[in-house]
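*Asks:* Chain residues, written in single-letter form:
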Amino acid sequence: MKTPVSWIREYVDLPTDLTTEALAAELTDLGLKLEAIEKPGDQITGPLVVGRVLTMDPEPQKNGKTINWCTVDVGDANGTGEPQGIVCGAHNFAPGDLVVVVLPGGVLPGGFAISARKTYGHVSAGMICSARELGLGEDHDGIIVLPQDAGKPGESAFGVLGLDEEVIEFEINPDRAYALSLRGVAREAALAYDAWYTDPTQRDVPPADDQGYPVVVEDPAGCPVFVARTVSGFDPAAPTPDWMVQRIQLAGMRPISLAVDVTNYVMLETGRPIHGYDADKLQGTVRVRRAREGERLTTLDGTDRALSTEDLVVTDDSGIIGLGGVMGGEATEMSATTTRVLVEAAHWDAVAMFRTGKRHKISSEAGKRNERGVDPTICEAAADRVVELLTTYGGGMAEPGVTVVGTPPEPTTITIEADLPARVTGMEIDPATTIRHLRAVGCEVAEDGTRLTATVPPWRPDLVDPFDLVEEVARVVGYGNVPSVLPTPGAGRGLTRAQRLRRRVGRTLAGAGCVEVVSFPFVGEAAFDQLGLPADDPLRHTVRLANPLSNEEPAYTTTLLPGLLKAAARNVGRGATGVALFETGTVAFPSDRGAAPIYGVDRRPTVEELAALLDALPAQPLHLAVVLAGERERAGWWGEGREAGWADAIAVVRRLAADLGVAVTVEADARMPWHPGRCARVLVDGTEIGRAGELHPKVCASFGLPKRSAAVELDLDALLARAVDVVPAPEFSTYPVAKEDVALVVDDSVRAADVEAALREGAGELLESLRLFDVYTGEQVGEGRTSLAFALRFRAPDRTLTEEETAAAREAAVARAAELTGAQQRA
Amino acid sequence: MSGPNTDYDPVEVTPLKPEEVESARDAALAAIAAATDLAELKQVRIDHTGDRSPLALANREIGALPPQARKEAGQRIGQARGAVAKALGERQAVLEVEHEERMLVEETVDVTLPTDRVPAGARHPLTTGAELIADIFVAMGWEVAEGPVIEAEWLNFDALNLGPDHPARTMQDTFWTDPQDNGVVLRTHTSPVQARTMLTRTPPIYVVCPGRVFRTDEYDATHSPMFHQVEGLAIDEGITMAHLKGTLDHFATAMFGEGITTRFRPSFFPFTEPSAEVDLLCFVCRGAGELDGARCRTCRGEGWIEWGGCGVVNPRVLTACGVDAERYTGFAFGMGIDRTLMFRHGVEDLRGFFEGDVRFTTAFGSEL
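Chains A and B, in that order, are what the protein sequence lines are.
So the first sequence is numbered by full-length UniProt numbering: it starts at 1 and just counts up by one.
So the second sequence is numbered by full-length UniProt numbering: it starts at 1 and just counts up by one.
It is possible that some hints are incorrect.
Simulated coverage check for chain B against chain A, where a stretch passes if three residues somewhere in it have a Cβ under 8 angstroms from a Cβ of chain A [unchecked claim]:
hint : stretch
1    : 75-85
2    : 111-118
3    : 179-189
4    : 247-255
Short derived list, chain B residues pointing at chain A, Cβ under 10 angstroms [what the hints assert, rightly or not]:
hint : residue
5    : Met-103
6    : Val-105
7    : Glu-153
8    : Asp-158
9    : Trp-176
10   : Thr-197
11   : Thr-200
12   : Gly-259
13   : Thr-261
14   : Arg-265
15   : Phe-283
16   : Cys-285
If you anchor each label on the Cβ, the simulated ranges turn out as follows [what the hints assert, rightly or not]:
hint : chain 1 : residue 1 : chain 2 : residue 2 : range
17   : A       : Arg-359   : B       : Val-118   : 53 to 61 angstroms
18   : B       : Thr-298   : A       : Pro-206   : 53 to 61 angstroms
19   : B       : Asp-173   : A       : Asp-235   : 41 to 49 angstroms
Calculated from the structure, these hints are not laboratory results.
Cβ atoms here follow ideal geometry from the backbone N, Cα and C, with glycine treated the same way.
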């Protein structure tokens with residue numbers, strides 16, 4: 001809401017030396033948030049004066065343009081009193097017109113310095129200005145032509161143009177619709193300075209009679225009050241007075257014609273949107289009702305609209321002529337030939353206004369006010385003010401009839417304990433202060449013992465609950481007076497185990513050289529195709545969005561890999577030679593259990609109701625994904641670097657599992673987006689929790705990643721659920737260790753993990769540890785065979801092992817491996 | 001070597017004369033002194049104290065001497081051997097020290113060589129930032145509450161007094177899952193976590209809820225369809241706006257330093273009444289609006305930074321969530337984590353958080 005300060009001052013007796021900044025700060029403290037202060041004249045310096053065009057000689061130019069060589073009377077402003085010679089490219093004026101001239105030495109907005117300069121064969125000593133050149137709007141169709149009585153040549157044009165005005169732009173919260181008017185802003189200013197306030201809607205209005213234009217309201221709930229007045233003999237060519245044009249412009253609206261400008265002006269002044277009809281185009285009784293199935297209307301923006309049975313419409317005998325309170329129809333719009341105006345000032349149901357605006361995507365100044373709630377008691381005053389202005393400036397006369405249909409709703413009353421503001425705000429506010437401040441904001445207050453009953457003023461439909469009154473009192477006392485007191489919660493239990501574990505996950509991965517990323521969870525078919533997922537892959541079954549930002553990514557993702565692989569590719573594209581990234585985030589799988597119910601809010605939902613609500617939500621497990629692309633270890637003086645591969649991905653999983661105290665196993669798997677021969681399924685207690693390995697070459701290519709890039713994706717919730725809780729203390733022997741190495745030759749199809757398991761089983765309790773330290777294939781072991789070399793360490797808890805005991809354990813291990821895997825001890 | 005030598009020794013020796021013992025001793029001592037490294041000394045040891053050395057051989061002959069000569073010869077030879085052993089030990093120690101010193105010099109490396117074989121990883125600033133905030137509240141006895149990002153419409157809106165006709169419920173602001181009448185949204189704030197907490201716990205409640213939220217904003221330097229919020233909720237008997245102010249002041253001080261406080265401006269949120277915008281005293285210019293004569297860039301000369309929204313929990317919200325609004329009052333607040341980190345660290349473009357460029361994130365790797 002843009003409010004010229006001079007307009008505020010028209011209704012409030014503010015201190016004369018009050019600065020605009022101070023006023024804006026005070027109003028911000030009351031809840032009208034300062035957005036910006038505009039001082040249109042601030043960017044203009046030097047002589048900007050009124051001039052009268054004396055002569056005007058059109059001179060066609062070679063470039064096809066015609067310029068005007070003008071002499072302009074600028075009084076004594078140029079120091080000589082002689083006419084000023086100025087070249088002007090505009091043609092919307094004539095000799096004798098008053099114009100705005102900036103003389104050499106002046107500076108216009110944007111640092112545009114004016115000097116006498118030679119152009120088109122003349123010395124042009126200054127410039128005749130357009131509105132845009134002065135920062136007064138976008139109008140650049142021609143120069144500004146002032147009314148003949150605007151001033152004398154040579155006088156400063158600042159005042160004439162309103163350039164000495166200062167405008168405060170407020171951001172108005174939805175509960176303070178009354179402040180979408182000068183009436184409301186001025187009331188707040190009066191509150192801030194305890195100043196004398198004149199309500200612009202306080203005026204004597206002619207009483208309703210039955211002589212006015214016939215109006216029938218068939219839906220009084222949708223339209224509780226409808227006031228109609230008629231002005232006839234109106235001159236459609238009459239200009240809008242300058243002061244009104246200026247104020248409308250300063251308030252951020254566009255002047256259009258006198259009739260339209262007057263309705264907008266009164267809306268800005270009072271907050272009450274007004275609609276004007278060309279009364280000569282109306283046919284018969286005006287009615288208000290809900291639209292019927294299948295009805296349509298072409299609104300005055302030229303759009304043909306299909307109406308809903310919830311829409312409130314205004315009709316006459318011809319049919320629908322307007323969307324009530326939102327936008328009028330084209331057929332009865334006021335035009336350049338309108339001489340008889342029907343003025344409508346009606347109060348509309350705010351919810352209906354909101355829904356209609358939303359349904360038809362109409363955002364207008366009128367709709368903005370009507371949907372937030374306007375004072376229902378000022379319809380007559382606002383209509384009367386419109387009539388006054390139309391007749392004063394448009395030469396018409398008010399017809400005698402005054403139509404008033406309906407009555408404003410009864411005012412709301414709210415009862416509170418007098419100490420409620422003190423109890424809620426923690427400020428020392430006594431009942432007398434509460435009463436005083438409630439009255440200051442417009443409430444009538446009745447006392448009954450410790451209880452106060454406030455009758456809410458009609459312009460405050462937002463005041464409904466006791467706590468609403470608390471806020472009113474608190475803002476007048478001043479939020480700055482709220483003391484600062486720390487609450488004293490009981491002893492807390494710190495982070496939950498899951499929260500601490502998740503921190504651990506991030507630290508472990510960062511420690512393993514991975515960099516965390518946060519990417520958007522939006523995904524589309526293209527990403528699944530890039531991952532090479534088959535058409536029936538369950539990951540393609542997504543939670544879809546009704547209104548995605550991009551139709552390319554219309555779903556919430558089921559896998560973190562697309563975002564992560566794209567981030568990796570972005571880093572590679574920016575020159576990284578090796579990238580290790582990780583991300584933790586939720587993915588979503590549709591519940592397919594129907595809609596989540598919407599309950600009332602007057603009570604807590606029952607346990608069953610709540611369960612039904614939660615049950616309808618998608619499953620949203622927390623996932624972890626890692627990508628390792630390109631150089632994993634750098635080359636350096638220590639030797640060669642090393643590219644990431646399948647083993648690095650599995651190593652990350654094992655390291656994480658070890659840090660969490662979870663025993664994971666891996667087994668071969670073949671599933672996109674992984675390389676079918678280099679993909680591991682990760683299991684905990686036999687349950688699959690994810691995959692790790694090298695990405696399929698096609699996937700690397702489709703994302704633009706280095707060959708052999710590797711990736712991991714795990715269900716982190718499932719992993720963390722199995723994290724060790726209380727670590728039992730380890731027991732270990734201090735007797736000497738006995739080391740034995742064995743090399744076993746197996747068929748290529750035999751898995752190392754199976755050989756290892758067999759060795760462990762065979763070695764028995766004396767085995768302390770076992771580690772595969774070499775893998776060999778080649779001539780010495782034969783085609784299709786692999787040699788696996790294991791280092792075994794034996795130790796007893798209570799004695800030094802004898803050579804015989806150690807040898808026996810080793811042989812038992814080898815024997816078991818031979819039995820289970822066909823392993824032969826290498827000679 | 002103790003006891004009489006009863007064996008027959010095949011080596012022909014004659015008992016050494018005293019001069020010969022001295023001479024053998026002196027020769028040994030000279031050789032020891034002349035040894036320049038441990039290897040030479042080892043050879044000297046073999047030559048002069050080994051089984052075939054003159055002194056060893058002489059020693060073996062003592063037993064063959066007549067009893068009266070035995071004592072004298074034993075003493076003489078014993079002294080000579082003792083002197084040689086002592087000299088060997090001393091020389092060994094000296095040469096070992098010399099050897100070690102030489103080795104250490106020879107093993108000198110260029111310690112300025114790079115050691116970054118595996119590049120460093122880092123956690124994301126949004127993660128560490130959220131943890132920092134959580135820890136500040138946990139230290140006050142609060143707990144950290146969480147909830148899903150795909151949320152029931154009722155919890156995201158209705159329960160928080162955002163009725164069916166609230167403007168925030170339009171397609172312009174909220175991502176709806178398909179079909180829209182399924183009543184499931186991407187949460188637009190972390191407030192549904194507050195609702196869930198009230199629905200499942202009994203007061204007193206002191207929780208802070210950090211998390212991801214979604215709005216249908218186009219992606220630019222200051223807007224993102226996904227961003228992060230932290231909200232706080234306190235429900236207890238006798239809770240007032242003063243407790244809200246005290247909590248936010250403490251939060252500001254813990255996060256931005258001693259003396260950095262907050263101020264309230266009246267505002268409007270459906271879930272709180274009274275409602276306030278909370279501003280943070282600029283921690284760079286400390287409210288002056290300028291720094292070294294230039295306009296403060298962090299607060300754009302305002303002296304204060306818009307931080308978030310807050311207020312007293314609307315009793316309608318308490319009722320919908322099953323909290324006795326007659327007995328309990330509460331306060332709630334919320335602010336953007338991304339935005340807070342932007343001004344805390346001088347991040348100019350919000351998109352830096354979501355691009356995944358490792359140069360951005362690793363720079364924050366030292367954040368605690």
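*Asks:* Between Arg-359/A and Val-118/B, does the C-beta distance stay in 53 to 61 angstroms?
*Replies:* 59 angstroms, holds
*Asks:* Are there three or more residues in the stretch 179-189 of chain B whose C-beta lies closer than 8 angstroms to some C-beta of chain A?
*Replies:* Holds, because 7 residues of the stretch 179-189 of chain B bring their Cβ atoms closer than 8 angstroms to Cβ atoms of chain A.
*Asks:* Holds or violated: Phe-283/B as interface residue toward chain A, Cβ cutoff 10 angstroms?
*Replies:* Since the shortest Cβ distance to chain A is 17 angstroms, the answer is violated.
*Asks:* Interface hint check: Val-105/B, Cβ to nearest Cβ on chain A, cutoff 10 angstroms. Holds or violated?
*Replies:* 21 angstroms, violated
*Asks:* Just to be careful: measuring from the Cβ of Cys-285/B to every Cβ in chain A, is the smallest value less than 10 angstroms?
*Replies:* Nearest chain A Cβ about 18 angstroms off; hint violated.
*Asks:* Holds or violated: the 41 to 49 angstroms window for the beta-carbon distance between Asp-173/B and Asp-235/A?
*Replies:* With a Cβ separation near 46 angstroms, Asp-173/B and Asp-235/A satisfy 41 to 49 angstroms, so the hint holds.
*Asks:* Using the nearest Cβ pair, does Thr-200/B come within less than 10 angstroms of chain A?
*Replies:* 8 angstroms, holds
*Asks:* Quick check on the hint: Arg-265/B CB to chain A CB, less than 10 angstroms?
*Replies:* 6 angstroms, holds
*Asks:* Counting residues of the stretch 247-255 of chain B that have a beta-carbon nearer than 8 angstroms to any beta-carbon of chain A, does the count reach 3?
*Replies:* holds (count 3)
*Asks:* If you look at each residue in the stretch 111-118 of chain B, do at least three have a Cβ nearer than 8 angstroms to any Cβ of chain A?
*Replies:* As far as the stretch 111-118 of chain B goes, the hint holds, because 5 residues have Cβ atoms under 8 angstroms from chain A.
*Asks:* The hint names Gly-259/B as touching chain A; please verify it with the least Cβ-Cβ distance against 10 angstroms.
*Replies:* 13 angstroms, violated
*Asks:* Can you verify the interface hint for Met-103/B: is its Cβ closer than 10 angstroms to any Cβ in chain A?
*Replies:* 22 angstroms, violated
Hint compliance for this structure: hints 1, 5, 6, 10, 12, 15 and 16 are broken, all remaining hints hold.
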